[in-house]
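S.K.: Here's the letter readout for the chains.
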Amino acid sequence: MYVAVKGGEAAIANAHRLLAARRRGDAQVPGLTLEQIAGQLSLAVDRVMGEGSLYDPELAALAIKQARGDLIEAVFLLRAYRTTLPRFGHSEPIDTGEMIVERRISAIYKDLPGGQLLGPTFDYTHRLLDPALAGDAPLEAPETGVDTGEKVTRVSDILGDEGLIEDDPVTDSKRPVADITRTPMEFPMQRDARLQTLARGDEGFLLALAYSTQRGYARSHPFAGEIRIGEVDVEVMIPELGFAVVIGRVKLTECQMVNQFQGSAKTPPQFTRGYGLVFGQAERKAMAMSLCDRALRAAELGEDITAPAQDEEFVLSHCDNVQSTGFVEHLKLPHYVDFQAELDLVRRMRAEHFASAAKADDETDVAKEAAE
Amino acid sequence: MALAEQDESGVAARQRRLSVLAKAEGKDLLALWKQTGLDPAVELLRGPESGLVALRGRIGGGGQPFHVGEVSATRVTVRIESGQVGHAMISGRDARKAQLVAVIDALAQDPAQVERIERDIVAPLEQLAGEADAKLREETAATRVNFFTMVRGED
Numbered sequence: 001m002y003v004a005v006k007g008g009e010a011a012i013a014n015a016h017r018l019l020a021a022r023r024r025g026d027a028q029v030p031g032l033t034l035e036q037i038a039g040q041l042s043l044a045v046d047r048v049m050g051e052g053s054l055y056d057p058e059l060a061a062l063a064i065k066q067a068r069g070d071l072i073e074a075v076f077l078l079r080a081y082r083t084t085l086p087r088f089g090h091s092e093p094i095d096t097g098e099m100i101v102e103r104r105i106s107a108i109y110k111d112l113p114g115g116q117l118l119g120p121t122f123d124y125t126h127r128l129l130d131p132a133l134a135g136d137a138p139l140e141a142p143e144t145g146v147d148t149g150e151k152v153t154r155v156s157d158i159l160g161d162e163g164l165i166e167d168d169p170v171t172d173s174k175r176p177v178a179d180i181t182r183t184p185m186e187f188p189m190q191r192d193a194r195l196q197t198l199a200r201g202d203e204g205f206l207l208a209l210a211y212s213t214q215r216g217y218a219r220s221h222p223f224a225g226e227i228r229i230g231e232v233d234v235e236v237m238i239p240e241l242g243f244a245v246v247i248g249r250v251k252l253t254e255c256q257m258v259n260q261f262q263g264s265a266k267t268p269p270q271f272t273r274g275y276g277l278v279f280g281q282a283e284r285k286a287m288a289m290s291l292c293d294r295a296l297r298a299a300e301l302g303e304d305i306t307a308p309a310q311d312e313e314f315v316l317s318h319c320d321n322v323q324s325t326g327f328v329e330h331l332k333l334p335h336y337v338d339f340q341a342e343l344d345l346v347r348r349m350r351a352e353h354f355a356s357a358a359k360a361d362d363e364t365d366v367a368k369e370a371a372e
Numbered sequence: 001m002a003l004a005e006q007d008e009s010g011v012a013a014r015q016r017r018l019s020v021l022a023k024a025e026g027k028d029l030l031a032l033w034k035q036t037g038l039d040p041a042v043e044l045l046r047g048p049e050s051g052l053v054a055l056r057g058r059i060g061g062g063g064q065p066f067h068v069g070e071v072s073a074t075r076v077t078v079r080i081e082s083g084q085v086g087h088a089m090i091s092g093r094d095a096r097k098a099q100l101v102a103v104i105d106a107l108a109q110d111p112a113q114v115e116r117i118e119r120d121i122v123a124p125l126e127q128l129a130g131e132a133d134a135k136l137r138e139e140t141a142a143t144r145v146n147f148f149t150m151v152r153g154e155d
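Just so you know, the protein sequences line up as chains B and C, in that order.
Numbering (our numbering) for the first sequence: 1 to 372.
Numbering (our numbering) for the second sequence: 1 to 155.
Be aware that a few hints might be false.
The calculated lysine to aspartate or glutamate pairs, modelled on DMTMM-like cross-linking and capped at a C-alpha distance of 25 Å, are [claimed, not checked]:
| hint | chain 1 | residue 1 | chain 2 | residue 2 |
| --- | --- | --- | --- | --- |
| 1 | C | K135 | B | E150 |
| 2 | B | K6 | B | E369 |
| 3 | B | K151 | C | D94 |
| 4 | C | K135 | B | E363 |
| 5 | C | K27 | C | E131 |
| 6 | B | K151 | B | E140 |
| 7 | B | K110 | C | D94 |
| 8 | B | K151 | C | E81 |
| 9 | C | K135 | B | D233 |
| 10 | B | K332 | B | E92 |
| 11 | C | K135 | B | E143 |
| 12 | C | K27 | B | D123 |
| 13 | B | K151 | C | D133 |
| 14 | B | K110 | B | D70 |
| 15 | C | K135 | B | D362 |
| 16 | B | K110 | C | E126 |
| 17 | C | K135 | B | D338 |
| 18 | B | K65 | C | D94 |
| 19 | C | K135 | B | D147 |
| 20 | C | K135 | B | D123 |
| 21 | B | K266 | C | D94 |
| 22 | C | K27 | B | E231 |
| 23 | C | K135 | B | E166 |
| 24 | C | K135 | B | D95 |
| 25 | B | K110 | B | D123 |
| 26 | B | K359 | B | E369 |
| 27 | C | K27 | B | D70 |
| 28 | B | K174 | B | D70 |
| 29 | C | K135 | B | E369 |
| 30 | C | K135 | B | D70 |
| 31 | C | K27 | B | D233 |
| 32 | B | K151 | C | E126 |
These aren't lab readings, by the way, just hints derived from the structure by calculation.
Remember, predicted model here, so these are calculated numbers, not experimental data.
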């Protein structure tokens, strides 16, 4: 526990002034514009929007600039900002089947309607640093191909047609949609609340947990059924008009993880699924999310809960990096009074320890003398 | 019956118009608006107001809805000098764009203006959006790959 302290105003003001100067760096070098950050560090912007749980590329770019590139600090800034705004309402559920696809791959079907579309990917690069990028040489425009107009069907819809994979969970429109920003977390959680928590969860934490399931801590034999990245329309019901309108588009990454068969007395063996949906281009996060989603369905699917990734209280209570950093970093704040109390206690314990040791020594000496 | 049908097509037209305007780039919208020379007196009835819209996805892509996160949004309601009321909600925080969308929505309630709005603003914006999407689709199409499964040596 920390207690309030007074004083230090001048030091704090000077520290913040110093921070501002250090953030800016060498004044001879031009400052970064938000357009540069949003345009050229777009995956950092996407990560901050996802974990900040607020889709606004310009604000995320500002947060990154203000945080000197510390992405967790940027996420914190975005989360703090969102608490200052009223909520107008919610969108109609977005339809990822109607996505303007920029990338779509499947690791389970070689040929599928709409094709394998690599899009702007790091895959198949050699991960060799490119010295040419130290400059700003002109680039070739992207190659173009013929758009066949073929619909890019979701893999889950293809498999689902044959009954080989579990269907999407039944929609019960009467059930209110969970919202962890309005209702405190309570365990056990429904899958909608779990997915909302995972969608804003820390990429590194979820990635490590996802990896743990692959290494044998809750084995789930996953296949990347489909990853798709692209823009979807956001539709919102406008009460004054009485109908829904599109208010804009958002870029999303969706991952359908397909996992080993599961059968019961009631259902024949079929593939089960984990789902990931994240703001922006965030493939690693979407994959980790879908692996964690699947691992957290252990109880629902009658699997033994043996591993950390299956423990929803463990996973969901610790995946939020703003909460995590808040509690870890609060240790920096003054704990002087607390520590004084602990010091007193340790001094007392040591005094008692030495006193009883001395007493024991005396008794041993007395016993020795008596024996002699 | 005829009235109901008209209402229905009116709703669909307004829905499409507002959607096209909301998705347009602010600068494109402003440029086209300036070209029309329209400049009605505007009374702000509400906003422009910044806020959030909770974005919903569906579990597995087609199942029970869940919240993915929030999207910043701006809404505004205006009345123009001829009495029509217009509404707008757009994603992002561009209050000027939101207000312009609401003004155009109000103007389009006037049967004398609706065709002009369609011809000079909505149709060109829709074409621009279509061109941008087509470009993205063509660039993506060039990255379409056909994987061949290699025959392994053991056979």
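S.K.: Please verify whether K27 of chain C and E131 of chain C have alpha carbons no more than 25 Å apart.
M.R.: Within the cut-off at roughly 16 Å; holds.
S.K.: Checking one constraint from the list: CA of K332 of chain B to CA of E92 of chain B, max 25 Å. Satisfied?
M.R.: 43 Å, violated
S.K.: Is the straight-line distance between the alpha-carbon of K110 of chain B and that of D70 of chain B 25 Å or less?
M.R.: 40 Å, violated
S.K.: Are the Cα atoms of K65 of chain B and D94 of chain C separated by 25 Å or less?
M.R.: Given pair K65 of chain B, D94 of chain C holds - Cα atoms ~21 Å apart, limit 25 Å.
S.K.: Compare the distance between the alpha carbons of K359 of chain B and E369 of chain B with 25 Å, and conclude whether the hinted pair is satisfied.
M.R.: Holds: K359 of chain B and E369 of chain B sit about 15 Å apart, inside 25 Å.
S.K.: Regarding the pair K27 of chain C and D123 of chain B, is the alpha-carbon distance no greater than 25 Å?
M.R.: 35 Å, violated
S.K.: Going straight from one Cα to the other, do K135 of chain C and E363 of chain B come out at no more than 25 Å?
M.R.: Violated, at about 93 Å.
S.K.: Does D94 of chain C lie within 25 Å of K266 of chain B when you go C-alpha to C-alpha?
M.R.: Outside the cut-off at roughly 54 Å; violated.
S.K.: Hinted pair, alpha-carbon criterion (25 Å max): K110 of chain B, D123 of chain B. Please report holds or violated.
M.R.: At roughly 17 Å apart (the allowed maximum being 25 Å), D123 of chain B and K110 of chain B satisfy the hint.
S.K.: Given the hint that K135 of chain C pairs with D95 of chain B, test it: the Cα-Cα distance must not exceed 25 Å.
M.R.: 22 Å, holds
S.K.: If you draw a straight line from the CA of K151 of chain B to the CA of E126 of chain C, is it 25 Å or shorter?
M.R.: 21 Å, holds
S.K.: Check whether the Cα positions of K135 of chain C and D147 of chain B lie no farther apart than 25 Å.
M.R.: 9 Å, holds
Hint violations for this structure: numbers 2, 3, 4, 6, 7, 8, 10, 12, 14, 15, 16, 17, 21, 23, 27, 28, 29, 30, all remaining hints satisfied.
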